[in-house]
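Colleague: The lines below spell out each chain.
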Amino acid sequence: MKDPHCKNLSRKMSDYIDGSLDFKTLSKITSHLKECKPCVALFKTIRKTVGILGSLKVNVSTPPRAKNHLREKLKSVSR
Amino acid sequence: MKEAELIEKSKAGDVEAFSQLIRNYENKIFSLAHHVCVGMPSDAEDVYQETFLSAFKNIKGFKNRSNLGTWLYRIAANLCWVRFRKKKREPVVSFLERRRPDEEGGSWEFKDWFPNPEEISRKKELQQAVAKALSDLPADYRLVLTLRDIEGLSAEETAKILKLSVPAVKSRLHRGRMFLRERFEIEFKEKVR
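These protein sequence lines map, in sequence, to chains A and B. With the working numbering, the residue at position 42 of the first sequence is 42, and numbering never jumps. So the working numbering is basically just the index in the second sequence, starting at one, shifted up by 1000.
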């Protein structure tokens, strides 16, 4: 059964995950999560989504070809 | 040589100093371009090149008290945005018209799903699914998600780079995460427990 607070609290779920809520709201969400299964699933899957995005940072580095190309272009514009 | 010194030399047109200056920022800018121009590798390289060429051209106007990283991110973000606006590839309408579960009338059925982020970083097909979901977001949202969740910048830094208010950044971040969460739920359905 959906709690009337679910929708309001869910809008603050990102702030809850990011730790940017005031103490009162944070406590309200924490106690709500103890008794609301769908909201726990929502919380877990948003947190996983954030984790997935964070994992994309790994292994992205500038291709050497692009770096060399940039150096060449910089030299030509400075002439 | 210190950054301030390299900036001064770059302002005088010294390419070598500028090349040294950008070494610490190249991967950050390429990473932003790579994720915002997801699925379009040549566009990512173009944004990377244009960012630094534009920075070199305009570095005289860079105020020394500003943060160079923020300044470069702002140039790159603007180039990404202009690129998408020109191409009109934006799935804006479909994205904005969709009813999210936390909005009036949305269904309130959530299930936990798998895999975990660690599994995704190991499996190429899962990474492709993530990239596809990311590419379906409008660039405005992708920029916020990339700066906040991939690059790990704060809401305040992101707001400064994108010239948005902090509440606007938080709102786009949440909507973007909700959209991706839902896409991942569909994508990883067979792995739902």
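No lab work stands behind these hints: they were computed from the structure. No experiment lies behind these values; they were computed from the predicted model shown. You may find that some hints are simply not true.
Claimed, not checked - Distance condition first, Cα-Cα at most 30 Å in a straight line; then the derived DSSO-like pairs of lysine-lysine:
id: 1; chain 1: B; residue 1: K1163; chain 2: A; residue 2: K7
id: 2; chain 1: A; residue 1: K48; chain 2: A; residue 2: K34
id: 3; chain 1: A; residue 1: K34; chain 2: B; residue 2: K1011
id: 4; chain 1: B; residue 1: K1028; chain 2: A; residue 2: K75
id: 5; chain 1: A; residue 1: K67; chain 2: B; residue 2: K1124
id: 6; chain 1: B; residue 1: K1028; chain 2: B; residue 2: K1002
id: 7; chain 1: A; residue 1: K57; chain 2: B; residue 2: K1123
id: 8; chain 1: B; residue 1: K1160; chain 2: B; residue 2: K1063
id: 9; chain 1: A; residue 1: K57; chain 2: B; residue 2: K1111
id: 10; chain 1: B; residue 1: K1123; chain 2: A; residue 2: K73
id: 11; chain 1: A; residue 1: K37; chain 2: A; residue 2: K24
id: 12; chain 1: A; residue 1: K67; chain 2: B; residue 2: K1111
id: 13; chain 1: A; residue 1: K73; chain 2: B; residue 2: K1124
id: 14; chain 1: B; residue 1: K1132; chain 2: A; residue 2: K57
id: 15; chain 1: B; residue 1: K1123; chain 2: B; residue 2: K1111
id: 16; chain 1: B; residue 1: K1011; chain 2: B; residue 2: K1163
id: 17; chain 1: A; residue 1: K67; chain 2: B; residue 2: K1123
id: 18; chain 1: A; residue 1: K73; chain 2: B; residue 2: K1057
id: 19; chain 1: B; residue 1: K1086; chain 2: B; residue 2: K1132
id: 20; chain 1: B; residue 1: K1111; chain 2: B; residue 2: K1124
id: 21; chain 1: B; residue 1: K1060; chain 2: B; residue 2: K1124
id: 22; chain 1: B; residue 1: K1011; chain 2: A; residue 2: K44
id: 23; chain 1: A; residue 1: K12; chain 2: A; residue 2: K34
Colleague: State for each hint whether it applies.
Modeller: To see whether the hints hold, each was checked on the structure:
{"no.": "1", "hint": "K1163/B with K7/A", "result": "29 Å, holds"}
{"no.": "2", "hint": "K48/A with K34/A", "result": "19 Å, holds"}
{"no.": "3", "hint": "K34/A with K1011/B", "result": "58 Å, violated"}
{"no.": "4", "hint": "K1028/B with K75/A", "result": "22 Å, holds"}
{"no.": "5", "hint": "K67/A with K1124/B", "result": "26 Å, holds"}
{"no.": "6", "hint": "K1028/B with K1002/B", "result": "19 Å, holds"}
{"no.": "7", "hint": "K57/A with K1123/B", "result": "15 Å, holds"}
{"no.": "8", "hint": "K1160/B with K1063/B", "result": "15 Å, holds"}
{"no.": "9", "hint": "K57/A with K1111/B", "result": "27 Å, holds"}
{"no.": "10", "hint": "K1123/B with K73/A", "result": "37 Å, violated"}
{"no.": "11", "hint": "K37/A with K24/A", "result": "21 Å, holds"}
{"no.": "12", "hint": "K67/A with K1111/B", "result": "44 Å, violated"}
{"no.": "13", "hint": "K73/A with K1124/B", "result": "34 Å, violated"}
{"no.": "14", "hint": "K1132/B with K57/A", "result": "16 Å, holds"}
{"no.": "15", "hint": "K1123/B with K1111/B", "result": "22 Å, holds"}
{"no.": "16", "hint": "K1011/B with K1163/B", "result": "25 Å, holds"}
{"no.": "17", "hint": "K67/A with K1123/B", "result": "28 Å, holds"}
{"no.": "18", "hint": "K73/A with K1057/B", "result": "12 Å, holds"}
{"no.": "19", "hint": "K1086/B with K1132/B", "result": "21 Å, holds"}
{"no.": "20", "hint": "K1111/B with K1124/B", "result": "24 Å, holds"}
{"no.": "21", "hint": "K1060/B with K1124/B", "result": "43 Å, violated"}
{"no.": "22", "hint": "K1011/B with K44/A", "result": "49 Å, violated"}
{"no.": "23", "hint": "K12/A with K34/A", "result": "16 Å, holds"}
Checked against the numbered hints given earlier, the structure breaks hints 3, 10, 12, 13, 21 and 22 and satisfies all the rest.
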